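Enquirer: Listed below, chain by chain, are the residues.
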Amino acid sequence: MTMKLIREIWQSIVRRDPLSTEKGKAELVFLNVWLHIHPAKVKRENLRFTHTFYLGFITFFLFVILVVTGILLMCYYRPDPSLAYQDMKDLQFAVFMGPFLRAAHRWAAHGMVICVFLHMLRVFYTGSYKRPRQFNWVVGVLLFLTTLGLSFTGYLLPWDQLAFWAITVGTNIGGYAPVVGPMVREILLGGHTVGEAALVRFYVLHVAVLPSFLILLCVVHFWRIRKDGGLSRPLWKLKSAPPEPEPELVTIGAPAASAPLRMQAASREKTYGLMEVVTGKPIFETILPEEEEDSVFSYPYAFLRESIAMLVTLIGVMAVSLVVHAPLEELANPAKTPNPAKAPWYFLGLQELVSHSAFLGGVVAPAVMVLALLAIPYLDRNPSRQLAKRKWILAIFTVFVVANVALIIIGTFFRGPGWALVPPWVHVAGGTE
Amino acid sequence: MMNRRAFLSWGTAGTAALVSAVGVSCGALLRFLVPSVFYEPPQSFKIGMPADFSYGSPTLLPDEKIFVFRDRDKGFSVVSAVCPHLGCTVTHAADQKFHCPCHGSIFNANGTVQHGPSPRALEWYEVALARDGQLVVNKDKVVPPANRLMV
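Protein chains in written order, with our numbering: chain A, 18 to 450; chain B, 353 to 503.
If we strip away everything but chain B, and leave its shape as in the complex, we get:
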């Protein structure tokens, strides 16, 4: 015959074991759904030789979704072409501003939101020189717009 103390302790332990087993199983199943390896383009990639880019209006690299700016005095800078609102690709207009086609967000020349629903500014990425002389962009390193690479 089990007394009250034993019943309560075994009951508590049993319930705790059951709950944690179910919890761990659910957690494991959820983790299963998160890929361990992403077969996605690398966040850091080479975009070509500095001489490939012209001065003045920026070059849009459509696959990488970045604009590459080259300025005679200040050098290279790279900005994301993905609108932080809902992921559409922005365009660079003659007024030196970025326009999002989806919800009309407008970003001024240094990427800050001037108009529209975008919650954040466009991101500027670190750009560096690789050993072979090519430009390397690292999307994991967000830098202030003033950061430039002189070549």
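Just chain A, same shape as in the assembly:
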């Protein structure tokens, strides 16, 4: 009796066949709202770690960690200059597990910036932004910018010296944008200096506006992965495979005039889905029958690997957070600029440029960089994904990446008081005042 009720409840939730059957394995994926973002079957080689390094997945999981730790931190944090720093001190010394959660939030955020960057490198070097995935690269660039926005807005919230002056420098860089710069700065700060209004606005952006935007973009990004034909084939597969044959498409029933396809009579034995009767050529790759043997069920192969990636990410963030606390400096003091005053590290390349010319370095260069990133899939007309056939664009992109990383390294380690060049060990030895 009890067993029957339990079984009935279970079956009302889970309607699939047992997982020992192939049908059950497939149904686990497409009858589940959370899992159906995966295809029921995936190509075996796409699961190889060295193809994607699971970077996109890890980035998203870091975002999940950030949402959870962020909501917990919100329970103690009040966005007001007279209270914010006090709450940080409470989190640091009075709240149970406060330092750990704060550190986890901080380090996961830094990890997310790094992983987005590495993910973009992977996608670029494997040529995965090429047709039909051009638009998903654009969505990815927007996700990258949103991630930077989230990091930047989060930086102000502790209201310590580091936060205050990093945001003062950062918003002043924005103020150099032509025409809209001063207005954007005023709307962002809710005033003319970094103060009460700025703190509330950055808080709203950080906990509501930007996370919602990021989730919306993620939805589009993940959806497009599926609709653009799943993950791109690994490069080593391209080399061995013969040139991709133009797939022969069959139109069932009456073909449209524009569909130059062989016509086949509809069968009475089969129920056709909409996809099968609409005419026209699908833009995405599908699993061809001869590839069928090369593919495996997402359960358990993909899910197991993703679980391992999740676990490693979680352990990594927890381990770092146990050992290294998130920094908290003195209470923000608008009257005393620390020397040197540095923006967050991912903006130090920008600050390095700004230190040479505010307009060229702070506005023109970043605008050109973002536009160039967005335009990559449309400017690169070369259809080949093989490294040997993409020498020019690889060289240009590599120079671009190395230059950016070099600027960040210079800004972080080689700039001391008065933005003078210093040897990097000064920061370790505490040579600055």
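Quick caveat, the hints were computed from the structure, so don't treat them as lab data.
No experiment lies behind these values; they were computed from the predicted model shown.
Not one of these hints is a red herring.
From the derived model, a few chain B residues whose C-beta atoms are all more than 12 Å from chain A:
#1 Phe-359
#2 Gly-400
#3 Gly-427
#4 Ala-498
Computed footprint of chain B on chain A, listed as stretches where at least three residues anywhere in the stretch have a Cβ under 8 Å from a Cβ of chain B:
#5 179-186
#6 204-214
#7 347-359
#8 369-380
#9 424-436
All residues carry an ideal CB built from backbone N, CA and C; glycine is no exception.
Start from chain A and add chain B according to the hints.
Expert: Relative to chain A, chain B alone:
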């Protein structure tokens, strides 16, 4: 039945109405984000009696972010301590120059840029005497460095 002329006129009018309604709404929302009242320190404020300031090296008022100079022959002058580059607070060094800690801008004694990325000179503000004998600084009135107040 609507003829072509009517269709086009109504279509144009309708589109124009829609576009302007959306435009006005967006403009209003944007305006909402710009505060009508700024709860910020006033731009014009008293800084104390002339006798409070010593001759020679300037006095930094940290909250107002200004340096007050008092010269025996030329009188009072006030200069902004905010670097026009990215908003850091400059220091006044023994060489009579202003140094910015953030990006190394150096301003000479009258505030003009001598070195570094600052696009503009430091601003000098009008200083006057209030009725009660206190000095009044007005940050909205930028004056040439040569302007002094003899007391």
